[in-house]
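A.B. asks: Here are the chains, one letter per residue:
Number of protein chains: 6
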Amino acid sequence: MSKIIGNSLKNIPWQEKPENYNMPIWRYTQNPIINRNDIPSSNSIFNSAVVPFEDGFAGVFRCDSKCVSMDIFAGFSKDGIHWEINHEPITFEGDSEVTKREYRYDPRVCFIEDRYYITWCNGYHGPTIGVAYTFDFKTFHQLENAFLPYNRNGVLFPRKINGNYMMLSRPSDTGHTPFGDIFCSQSPDLEYWGHHRHVMSTEKGDISAWQSTKIGPGPVPIETDEGWLLIYHGVINTCNGFVYRMGAALLDLNEPWKVIARSKAYVLGPYELYECVGDVPNVVFPCATLTDADTGRIAIYYGCADTVTGLAFTTVDDMLKYIKENAF
Amino acid sequence: MSKIIGNSLKNIPWQEKPENYNMPIWRYTQNPIINRNDIPSSNSIFNSAVVPFEDGFAGVFRCDSKCVSMDIFAGFSKDGIHWEINHEPITFEGDSEVTKREYRYDPRVCFIEDRYYITWCNGYHGPTIGVAYTFDFKTFHQLENAFLPYNRNGVLFPRKINGNYMMLSRPSDTGHTPFGDIFCSQSPDLEYWGHHRHVMSTEKGDISAWQSTKIGPGPVPIETDEGWLLIYHGVINTCNGFVYRMGAALLDLNEPWKVIARSKAYVLGPYELYECVGDVPNVVFPCATLTDADTGRIAIYYGCADTVTGLAFTTVDDMLKYIKENAF
Amino acid sequence: MSKIIGNSLKNIPWQEKPENYNMPIWRYTQNPIINRNDIPSSNSIFNSAVVPFEDGFAGVFRCDSKCVSMDIFAGFSKDGIHWEINHEPITFEGDSEVTKREYRYDPRVCFIEDRYYITWCNGYHGPTIGVAYTFDFKTFHQLENAFLPYNRNGVLFPRKINGNYMMLSRPSDTGHTPFGDIFCSQSPDLEYWGHHRHVMSTEKGDISAWQSTKIGPGPVPIETDEGWLLIYHGVINTCNGFVYRMGAALLDLNEPWKVIARSKAYVLGPYELYECVGDVPNVVFPCATLTDADTGRIAIYYGCADTVTGLAFTTVDDMLKYIKENAF
Amino acid sequence: MSKIIGNSLKNIPWQEKPENYNMPIWRYTQNPIINRNDIPSSNSIFNSAVVPFEDGFAGVFRCDSKCVSMDIFAGFSKDGIHWEINHEPITFEGDSEVTKREYRYDPRVCFIEDRYYITWCNGYHGPTIGVAYTFDFKTFHQLENAFLPYNRNGVLFPRKINGNYMMLSRPSDTGHTPFGDIFCSQSPDLEYWGHHRHVMSTEKGDISAWQSTKIGPGPVPIETDEGWLLIYHGVINTCNGFVYRMGAALLDLNEPWKVIARSKAYVLGPYELYECVGDVPNVVFPCATLTDADTGRIAIYYGCADTVTGLAFTTVDDMLKYIKENAF
Amino acid sequence: MSKIIGNSLKNIPWQEKPENYNMPIWRYTQNPIINRNDIPSSNSIFNSAVVPFEDGFAGVFRCDSKCVSMDIFAGFSKDGIHWEINHEPITFEGDSEVTKREYRYDPRVCFIEDRYYITWCNGYHGPTIGVAYTFDFKTFHQLENAFLPYNRNGVLFPRKINGNYMMLSRPSDTGHTPFGDIFCSQSPDLEYWGHHRHVMSTEKGDISAWQSTKIGPGPVPIETDEGWLLIYHGVINTCNGFVYRMGAALLDLNEPWKVIARSKAYVLGPYELYECVGDVPNVVFPCATLTDADTGRIAIYYGCADTVTGLAFTTVDDMLKYIKENAF
Amino acid sequence: MSKIIGNSLKNIPWQEKPENYNMPIWRYTQNPIINRNDIPSSNSIFNSAVVPFEDGFAGVFRCDSKCVSMDIFAGFSKDGIHWEINHEPITFEGDSEVTKREYRYDPRVCFIEDRYYITWCNGYHGPTIGVAYTFDFKTFHQLENAFLPYNRNGVLFPRKINGNYMMLSRPSDTGHTPFGDIFCSQSPDLEYWGHHRHVMSTEKGDISAWQSTKIGPGPVPIETDEGWLLIYHGVINTCNGFVYRMGAALLDLNEPWKVIARSKAYVLGPYELYECVGDVPNVVFPCATLTDADTGRIAIYYGCADTVTGLAFTTVDDMLKYIKENAF
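Line by line, the protein sequences are chains L, C, Y, G, P and U.
Every position in the first sequence, counted from 1, becomes a number in my numbering once 1 is added.
Every position in the second sequence, counted from 1, becomes a number in my numbering once 1 is added.
Every position in the third sequence, counted from 1, becomes a number in my numbering once 1 is added.
Every position in the fourth sequence, counted from 1, becomes a number in my numbering once 1 is added.
Every position in the fifth sequence, counted from 1, becomes a number in my numbering once 1 is added.
Every position in the sixth sequence, counted from 1, becomes a number in my numbering once 1 is added.
Simulated from the structure, these hints should not be mistaken for lab results.
Be aware that a few hints might be false.
When the alpha-carbon atoms are kept at most 20 angstroms apart in a straight line, the in silico SDA-like pairs for lysine to any residue are as follows [stated by the list, open to error]:
| no. | chain 1 | residue 1 | chain 2 | residue 2 |
| --- | --- | --- | --- | --- |
| 1 | Y | K322 | C | P41 |
| 2 | U | K205 | C | F180 |
| 3 | C | K79 | C | P53 |
| 4 | Y | K161 | P | E192 |
| 5 | U | K259 | L | D96 |
| 6 | Y | K101 | P | H196 |
| 7 | U | K205 | G | T175 |
| 8 | C | K205 | G | G176 |
| 9 | U | K259 | L | H126 |
| 10 | Y | K259 | P | H126 |
| 11 | P | K139 | P | H196 |
| 12 | P | K322 | U | S42 |
| 13 | C | K205 | G | T175 |
| 14 | L | K101 | C | K205 |
| 15 | L | K161 | L | T135 |
| 16 | U | K325 | G | T175 |
| 17 | L | K325 | L | S3 |
Owing to the predicted nature of the structure, the values given are computational and were not obtained by experimental measurement.
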């Protein structure tokens with residue numbers, strides 16, 4: 002039995018695994034939990050992040066407007082399923098050179114020590130990783146961008162490791178990047194970053210073709226007694242475009258750029274109509290999990306077809322068993 | 002209250018706006034009104050144009066055959082919803098250098114003074130704008146192509162302005178053009194064209210990204226007391242292809258290349274399955290409106306996924322209010 | 002009345018043509034007959050081939066795994082509709098230089114004289130045509146690859162012609178080849194190949210645009226008293242990707258690189274949701290037929306959206322009539 | 002003996018054809034006649050046009066500055082070989098919507114009736130054809146742009162034909178256009194243009210591959226007793242870029258979109274170091290000729306490697322003989 | 002001391018190696034030996050093949066015409082340096098389906114047993130390998146094309162190996178192929194080909210980047226006591242285009258698809274102006290050698306910048322030593 | 002009179018400006034000073050950096066080998082013109098994760114406080130910026146890579162500013178990046194980097210087209226009494242490839258991401274044959290300067306056509322005057 006190292010979360014959203022279901026992740030039967038029109042200005046709501054907050058949950062949501070402007074919005078929920086999302090995007094305090102908005106998308110939220118850190122793809126003469134923190138999801142303090150452009154999917158680890166903050170990311174280019182590996186960077190202070198280490202690459206050839214074009218970190222890694230459980234996205238380039246799926250790997254607890262095990266097989270792919278049809282067909286894109294250390298339950302929040310938000314479930318046992326059985 | 006400058010049209014197809022609906026355009030509940038197989042030879046029927054005619058309506062329809070040849074066909078309707086489309090394409094009288102068919106698609110129909118003008122994308126060593134007129138939708142007289150290739154979406158204004166005919170168009174290239182602005186051209190005689198003026202461009206960056214790749218005029222502009230109401234299409238290039246949406250702008254009555262107001266937000270985008278799934282997924286493409294000056298009602302005919310034809314409704318008030326509220 | 006030259010097949014799967022249906026091929030009403038998850042490891046099962054075998058049917062199936070590895074699997078059926086597919090891929094006996102697996106996909110099966118030949122797209126430093134035979138669908142003997150890379154869709158004729166084996170194929174490149182004609186090659190021994198002849202090309206321009214980007218042979222040609230009935234796939238490149246449709250042609254019995262007639266119009270295109278939505282939207286891809294010489298019935302097995310397997314029906318009369326009526 | 006229909010020009014620059022030279026055009030031995038630095042601000046001077054003027058010659062020159070801004074400059078010469086080019090670019094009088102400079106390049110100069118017309122590639126929300134006239138090469142009056150974007154190489158005929166002005170051009174796209182045919186357009190007044198006719202296309206395949214990618218008109222056509230002599234450029238796309246060469250054709254005097262004869266073989270290609278090496282290697286690009294009707298002599302001015310200006314010679318006899326001997 | 006297995010050739014063209022020269026191949030000091038204009042119709046003469054013939058030498062030459070049509074021409078020389086090339090291209094006897102000319106280029110000539118075989122890139126609905134033989138360089142008998150399109154650089158071994166003819170080639174695509182490995186194919190009769198074996202690939206990364214884009218066989222392999230000496234071309238894709246260089250490898254005598262040694266370093270690259278400047282800059286492309294078994298001398302004929310023909314020298318000792326010292 | 006803030010360098014290489022020369026930079030008359038073959042293994046030597054060292058000069062040189070492997074080599078000179086370059090590349094001490102060589106190119110050398118820092122484009126799962134130091138050009142200590150991939154042209158300022166090290170760089174992609182701006186990053190310790198600031202962008206349109214595709218920092222900035230003098234490279238994409246030229250700007254002394262002035266016109270472009278012809282035609286690429294504060298003299302070392310190394314001269318007055326006269 003594998004164990005999540007973390008807090009208990011008794012009110013974690015949950016449904017039991019369907020009978021005779023042979024994949025490690027199963028969908029919430031009422032998906033999508035957030036529809037594209039759930040706030041008045043939105044064209045689509047997806048690729049969003051949630052955390053336990055007070056007696057319920059808070060989150061930061063990517064809502065593309067009907068101008069198809071990309072921005073991030075705070076939201077709140079009692080049960081993790083029904084959400085009230087603010088109608089106005091987050092504004093940030095900080096150095097105006099950095100807080101000046103070009104665009105913001107694909108947020109992650111990570112609680113470290115005493116506050117909630119938000120990281121996202123931040124436009125600063127190209128996409129890079131924005132960093133901010135909040136205590137209350139009302140006031141947000143923006144720090145320096147972590148890296149030079151061009152980068153996407155900056156994901157913090159939920160605690161310092163060997164005294165340093167750690168961030169996973171996927172360096173990219175200025176467009177629909179047709180390449181991309183996962184790297185891990187370190188910082189003593191969330192202000193200066195270095196000691197960049199390569200974590201893992203795409204897989205060329207046939208052995209694991211769903212992740213042959215690019216891969217990027219998804220939710221904040223989950224600490225387990227066997228290593229960091231990383232759920233990530235992988236992309237294949239078919240003759241009719243990219244297909245985004247979810248994969249999983251186990252990283253070393255102390256040197257998280259070292260991969261202990263990685264699944265050749267994906268853990269969730271576009272199957273349902275709301276995942277296959279939308280503004281960008283054939284996308285499942287995980288950005289957050291909730292976990293309950295008592296039961297090992299994991300709830301995964303993921304974007305569907307760049308249009309709506311879905312919820313899915315697994316357990317730490319299901320995931321680690323699957324990763325090991327399907328390891329390269 | 003804004004006013005349409007034009008005729009009354011008591012039998013305009015119509016449904017009331019749904020309750021609690023916050024967009025300016027709403028779909029006909031029985032969409033699509035024309036299915037892909039509605040004539041025996043057709044693979045798809047879309048991007049088509051209608052006008053009031055006699056006691057009902059006539060139209061010119063793009064029917065791609067099961068050879069996927071593109072041609073335009075006349076059709077007739079009593080109510081604007083149920084259509085009888087001819088099984089043979091339109092043939093044209095005129096100079097054989099010009100009438101020789103390469104391909105024909107995306108027709109518009111515009112009544113000026115005493116006759117119905119048809120403009121369409123006409124193959125002449127590349128796509129350009131074909132021009133013809135009819136009095137009866139039986140006999141069609143083809144004029145000279147308006148422009149040199151490469152051009153698409155030639156749309157006439159419904160009356161002369163300052164003594165000249167006026168045409169909007171989108172210059173293009175020979176393929177799936179990844180750029181495109183709207184221009185306005187003038188002619189004293191529909192034979193020679195000049196005084197080409199730039200009307201509006203795509204919007205780079207995040208401010209209105211749905212129209213960042215190309216834009217093109219849609220239906221014949223609607224004259225209002227505040228300017229010409231232009232409904233147009235705009236395109237974004239996602240990693241899985243183009244998404245075509247509808248936008249709207251208000252042009253100066255006398256110098257229609259001057260933009261009075263333009264909506265940053267789109268007015269209709271692909272949401273319904275018949276708009277998101279088909280030969281070209283994620284396309285709504287408006288080509289015609291019917292208007293009733295008495296009530297301000299507007300019925301919009303639009304192609305869906307390059308496969309079927311949809312109908313939607315709005316009013317001049319809804320549109321002008323939305324344009325102004327969402328202006329750049 | 003046209004005649005199939007071949008065996009009777011009393012248990013051919015069959016449904017009658019729907020009333021008022023004007024196309025030559027009609028779908029099985031319970032499609033898809035094979036779902037994407039029909040074996041535990043599969044992401045998708047499509048582009049597969051079947052033959053009569055013993056008192057039922059056998060087949061070779063393309064099952065892409067949840068690693069999105071491409072391989073081919075044997076399977077069996079009593080009725081041609083309900084299939085038991087092995088959970089492990091086929092392994093081959095033969096020269097290890099040739100049997101070493103890179104990837105395998107898009108199989109065809111062809112009975113000649115005393116055994117079943119399997120041909121498929123075989124990875125050997127690029128895609129080429131693998132060739133093997135079996136007597137029992139348990140043991141498979143692999144021969145030399147027929148051609149140098151890069152090639153796809155190697156399809157044998159079901160008998161020698163003028164003393165030589167004959168194979169159709171589509172030479173390609175290393176990626177999502179945006180071109181491709183059909184060629185016919187000859188071999189005295191299935192070991193050495195030559196006398197390569199061009200059969201037919203894509204059609205540029207508007208006359209038959211559905212096959213303007215590439216074409217490739219589909220099922221094993223069906224011998225008729227008027228020539229070889231070839232069902233093939235044709236592709237158009239829209240602004241949102243490739244659309245794969247089915248076409249048909251009639252080839253000379255003795256010199257099968259000579260085209261007697263070819264249909265300008267496609268015979269089946271993506272219409273149903275399972276053909277338009279999936280890992281590769283808008284694909285119908287035929288790989289096999291069953292035929293009954295007594296009745297002229299033809300059952301077509303085809304891949305749908307690179308995800309599931311469909312079944313459709315026609316008759317030799319329907320097909321030959323349609324080809325002739327729609328010939329160039 | 003062919004004849005030029007036109008004026009005598011006793012002081013035409015001239016050198017005799019070298020001995021044993023088997024091509025119809027021979028280079029001036031002191032080439033290049035204009036170096037890249039010949040005015041203080043210039044990076045390069047090329048693709049320029051000259052005419053007889055007063056007792057010498059005048060011209061309009063493309064001088065790209067050391068900012069690599071593209072503009073056109075007037076210049077003067079006594080002998081047609083040594084040129085004084087103004088240090089400031091031409092400014093235009095006219096409608097400010099049209100005279101507002103984006104960029105200007107590749108001028109042609111054409112004397113019609115009583116004045117000198119300049120046409121050039123003019124930036125107006127994309128490249129199109131600017132038109133202006135001058136009497137003295139000091140004051141220039143700009144007219145409306147002839148066409149919608151995107152277009153290059155607008156070249157007037159030196160007299161009205163059937164009462165209309167005539168212009169050749171090459172419609173293009175927004176970048177390094179990899180396609181392009183020559184069209185002919187008509188105008189009663191140089192203000193409105195129509196009756197666009199296709200003149201000739203690129204040649205696909207091997208028969209005349211030097212002109213397989215794009216072709217465009219060069220100097221003002223030369224009237225001869227057998228038709229209009231058109232010198233044009235043709236382009237092939239090698240694996241290391243475009244090669245621009247000169248070709249020649251003979252057009253019908255009254256319907257100049259009808260090609261009487263066209264040479265399969267080029268008439269001049271990049272051979273000399275100043276043609277093969279420079280800012281754009283491997284370019285010869287003709288923009289002007291001087292002709293002497295008395296002797297049939299023709300002096301050709303052409304850009305070399307987009308860097309310097311060359312001079313070459315031929316006669317009407319040489320050219321027409323070569324065109325006919327090498328006709329398709 | 003390495004030995005060439007072959008004939009003596011006392012009149013092999015020869016110059017001694019320059020002093021203090023550290024590369025294995027040195028250029029003829031009077032290069033180029035054939036200029037682009039050496040026959041009246043030619044634009045360029047390059048990528049050509051020579052053999053000893055009677056008391057001198059014969060060859061087959063690629064002469065692109067001033068139409069930039071590609072064809073092959075016979076030629077003769079007393080000394081291997083001064084050549085008389087026929088003014089008319091080679092015509093072939095044989096099956097008209099095969100002899101019908103589309104285009105022909107990059108010939109090789111190989112003497113086997115009693116006759117001279119010519120192989121070349123032959124247009125047959127795409128580039129493939131043409132095969133013919135001659136006894137006298139006057140009459141040429143064309144055989145079947147060796148392979149399906151798309152292929153280039155078909156190079157025969159100068160004797161049967163294990164009873165089969167052997168041919169190296171580089172499968173390609175329809176354009177400026179940005180990939181390409183060397184394969185070896187076998188034939189019992191030069192009519193049917195099979196047993197295709199991969200020989201060697203491009204080298205990705207930094208270790209031998211000059212051959213990172215594509216490689217293809219050059220002259221007929223030279224038999225030595227240590228293996229077949231293969232001189233080949235390798236290509237890198239810089240930001241300003243392809244650079245073609247020469248490399249060398251040693252292949253197993255009995256299984257020539259097995260590489261005994263291969264040089265990481267190139268053996269000749271574009272240095273001289275006639276190699277760096279021309280229709281395709283930066284190309285050296287070897288197509289033939291002459292060898293003298295008595296002295297070990299090798300004369301290499303190679304195309305320069307796709308424009309002229311160069312000659313260079315080496316010895317079997319120089320080459321084998323270099324290959325071994327620079328082996329991967 | 003502008004002043005260089007720095008040391009005197011009496012033995013700076015120098016030639017006076019030619020008469021009547023109107024550009025701010027003039028070439029050394031004996032260019033290139035380093036030839037492509039100047040060490041036995043080299044294919045080309047270019048894009049290299051020099052500094053004063055002991056009583057002469059030292060440098061780090063990019064020598065691409067005849068394998069076309071990219072590496073950096075130390076070298077020494079008495080006069081800055083004649084160089085002895087080591088025959089073996091530099092090896093580094095440090096963490097083996099970082100010192101493991103993939104490829105190394107385009108070095109810069111910067112003396113700060115007590116040692117020489119080398120920065121270069123370093124392969125670490127993509128190009129990034131390697132950092133090392135030496136005291137003696139014999140032993141080199143490698144630090145952490147400054148940034149995540151993908152990045153090129155990391156250039157240090159020669160002193161700390163406001164207590165931090167500062168580095169300019171150009172973020173890029175994995176290939177021949179067709180975009181690129183200059184950014185400035187800060188570090189307290191050369192180990193962790195942050196506070197990334199945008200410095201300047203490419204210029205779209207015609208105003209300064211030579212720098213419309215990408216720009217990157219060149220030599221270590223030169224401190225002057227008016228600001229940091231930055232010499233950089235700018236690139237335009239012509240139809241025949243990239244042209245690299247040199248530009249100049251003046252940056253704020255304390256906030257060097259603020260541009261005080263920037264020249265629209267380039268300061269040196271490819272003119273000479275050794276700049277226009279070579280492995281990558283049309284490249285001048287500056288990587289180092291020597292400066293003499295006493296006289297204001299500046300010697301610029303620059304790569305030519307990615308093949309050889311050139312030397313050019315200017316003065317601080319010439320440069321600052323030119324920048325101001327040509328400022329945007």
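A.B. asks: If a hint holds in the structure, say so; if it doesn't, say that too.
C.D. replies: How the hints compare with the structure:
1. Y:K322 - C:P41: Holds, at about 16 angstroms.
2. U:K205 - C:F180: The given pair, whose Cα atoms are some 16 angstroms apart, holds under the 20 angstroms limit.
3. C:K79 - C:P53: holds, 10 angstroms
4. Y:K161 - P:E192: Holds: K161 (chain Y) and E192 (chain P) sit about 18 angstroms apart, inside 20 angstroms.
5. U:K259 - L:D96: holds, 16 angstroms
6. Y:K101 - P:H196: With a Cα-Cα distance of about 15 angstroms, the restraint between K101 (chain Y) and H196 (chain P) holds, given a limit of 20 angstroms.
7. U:K205 - G:T175: holds, 13 angstroms
8. C:K205 - G:G176: holds, 18 angstroms
9. U:K259 - L:H126: Cα-Cα ~15 angstroms, so holds.
10. Y:K259 - P:H126: Holds, at roughly 15 angstroms.
11. P:K139 - P:H196: Violated, at roughly 33 angstroms.
12. P:K322 - U:S42: The given pair, whose Cα atoms are some 16 angstroms apart, holds under the 20 angstroms limit.
13. C:K205 - G:T175: Answer holds: K205 (chain C) to T175 (chain G) is near 16 angstroms, not above 20 angstroms.
14. L:K101 - C:K205: holds, 18 angstroms
15. L:K161 - L:T135: Status holds; Cα separation ~18 angstroms.
16. U:K325 - G:T175: This hinted pair is violated, its Cα atoms lying about 33 angstroms apart.
17. L:K325 - L:S3: Answer holds: K325 (chain L) to S3 (chain L) is near 12 angstroms, not above 20 angstroms.
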